[in-house]
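Listed below are the residues making up each chain.
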Amino acid sequence: MAEGLVVENLTVGYHWENGFSKIINDLSLSIEKGIIFGIAGESGSGKSTFAQSIYNSLSYPGEIISGKVYFEGKDLLKTPKNELRRIRAVDITFIPQAAMNALNPVKRIGDQFNDVLEAHGKSSAEYEQNVMEVLKMVRLPPDILHNYPHELSGGMRQRTVIAMALVLSPKLVILDEPTTGLDVLVEHDILIDLKKIQRKRGFTMIMITHDLSILYEISDQIGMMYAGELTEYGEREEMINSSAHPYNYLLLKSIPRIGVKRYSGIRLAGNPTNYDENSKGCQFISRCPYRTYECELAHPDMNIVSGGNHHYRCLRYPQWKTDEK
Amino acid sequence: MITTAIPVKYIFKRLIIFVSVFFGALTLNFVLPRLMPGNPAEVIYQDLIKASGGTINTAYLHQLEAEYGISTGKPIYVQYLIYLNDLFHGNLGVSISFYPEPVSAILIQALPWTLFLVISAVTISFFIGNRLGRYAGINRNTGKDLAIDLFSMFMAAFPAFVLAFILLDIFSVYGKVFPIGGAYSSSITMGFNLPFIFSTAYHAVLPVATIILTSLGGWVLGMRNNIIPNVNSDYISFSRNLGMKDYQIKSIAYRNALLPNLTGFSMSIGLSVSGVIIEESIFSYPGVGMYMITAINNLDYPLLQGIFLMVIIAVLVGNLIVDILLGFLDPRIKQEGE
Chain A
1 MAEGLVVENL TVGYHWENGF SKIINDLSLS IEKGIIFGIA GESGSGKSTF AQSIYNSLSY
61 PGEIISGKVY FEGKDLLKTP KNELRRIRAV DITFIPQAAM NALNPVKRIG DQFNDVLEAH
121 GKSSAEYEQN VMEVLKMVRL PPDILHNYPH ELSGGMRQRT VIAMALVLSP KLVILDEPTT
181 GLDVLVEHDI LIDLKKIQRK RGFTMIMITH DLSILYEISD QIGMMYAGEL TEYGEREEMI
241 NSSAHPYNYL LLKSIPRIGV KRYSGIRLAG NPTNYDENSK GCQFISRCPY RTYECELAHP
301 DMNIVSGGNH HYRCLRYPQW KTDEK
Chain B
1 MITTAIPVKY IFKRLIIFVS VFFGALTLNF VLPRLMPGNP AEVIYQDLIK ASGGTINTAY
61 LHQLEAEYGI STGKPIYVQY LIYLNDLFHG NLGVSISFYP EPVSAILIQA LPWTLFLVIS
121 AVTISFFIGN RLGRYAGINR NTGKDLAIDL FSMFMAAFPA FVLAFILLDI FSVYGKVFPI
181 GGAYSSSITM GFNLPFIFST AYHAVLPVAT IILTSLGGWV LGMRNNIIPN VNSDYISFSR
241 NLGMKDYQIK SIAYRNALLP NLTGFSMSIG LSVSGVIIEE SIFSYPGVGM YMITAINNLD
301 YPLLQGIFLM VIIAVLVGNL IVDILLGFLD PRIKQEGE
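Residue numbers (this note's numbering), protein chains in the order written: chain A, 1 to 325; chain B, 1 to 338.
Only true hints are included.
Think about it this way: if two alpha-carbon atoms lie no more than 35 Å apart in a straight line, the pair counts; the simulated DSBU-like pairs of lysine-lysine are:
hint, chain 1, residue 1, chain 2, residue 2
1, A, K33, A, K78
2, A, K122, B, K250
3, A, K81, B, K250
4, A, K171, B, K245
5, A, K78, A, K122
6, A, K22, A, K33
7, A, K195, B, K245
8, A, K200, A, K107
Since the hints were derived computationally from the structure, they do not count as laboratory data. As the structure is a prediction and not an experimental result, all values here were calculated from the model.
Generate the whole structure from the sequences, applying the supplied hints.
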């Protein structure tokens, strides 16, 4: 199967007053072409850093220490700045967090579309059809091209940002919590529309979020991040029905459901932690209810559940599953 | 909602504010001199008595009062109406220090020089300052930024009159490169011809340079501080993520950062009409500022009142123009006004 994006041994961190702290540690991942890959994690788990790193848009004090990010055989982290600029919005695109403020307040939307086209040497007359098409996809009337951003609602601005990012038909779309600050219904509508567009155009979509219900609703494959590492990733059904890592299992348990009695078994306790460089053991150990002495001694490698694409990083799989009963 | 090209409502609102503030200022200009003891006629009358050492017929005082349009005997509202009536007929009274020259004649003669000085200096300073500030802001935390910041802060803190004297000393007194004073060479007749224009520009170099150098710092630091949050804003990072070219990104950041400075520009055009007094008197430039010094030294109330009036008009008109301009440049302001 063709790969949309391959990440190898990515290590990223931030400089701060007294040194440097790693946020993402040795992360490897391969994402198939044409799917929606959702990544979830708590605050501080490094998911936004991951999104910026694979787009190579991380700026100081963040720094990518090592790793490779292959897109169509090219390492994006080694691509010269100028070439990177040329493939942005054309081959790969990024829809940012807080997309509501991503539009220039003093220019009409139409002019901002023209700026994107101009940046990539396309004439606005020639691409008018593309603009109309992409606006229709995100369900915005063509009139908004005459509007200024402040005349639109938050949801409309969000849709405008998505349309702008998709106007040149990129093959890879990275979304970093694209619906932050919108109400649940608008958020839901936008993501369902996004999925429709993705299915129609067939691009690879990497979506980063902390909203589990959305993640499980629209993704084809799901990855869970904890303390700068992927704890588990695989097909959506596997992730829902047969978690191989306690983190995902407990997160799923934590989603309240209407009409179902509150879960009263083992819960996910404690606070999210950052990557701990001094720990020899599992990064999740402080919050794992299934931990034993062996978890403290060795760092678990990424393993695959036999005969599939289901990866997990836990020493005690599948024993922990029997612990619970 | 599609916006109309000309924000009629917004402009109308600005005009109403303009007219009401203008009347408020006129009234203040009327009240202030009347709060002071005595009047110009009495000043001259007393001077004459002192000079002659004897007595002078009080009829002369009444004649002076009539000449200066002083009507302290009448009720205050009548005085106010007379004041307004005179004002709209261009009658600002007669100057004391340049007796019997009417104030309006002095102002008409002095104002063009000041406007020429101020507008050319402030425009050049605004342009250079914003460019430097933009450069410093985009290259922030580098050596270039530090050099520009230090220079700007030094120049902003440097007293204008000291700089004026230094320049005058170096380039006129010892260097003899530029003239020592005046607005144009006395050997040239005034008129729209090449020698006159050249001579005017030549005489303006030092005063204009002084104003530019001392006002530059404010623009540089203002622009730098405006552009830094803009460069880090969400819409700039989105523009980068869409692969926009460097010049596009810079122009987006620059336009957004320029808006607050534009308001400052209008203010300084207005205020500078009175603010270049020091430069004008040091370089003996025949502008409003030089007359203002004379007026203050001679208790020339009518002339002072006339100059204040002009400063008021300059500040208000400058603000009105930029308010309207901002309505076009920043769509958000226009909407608030509607």
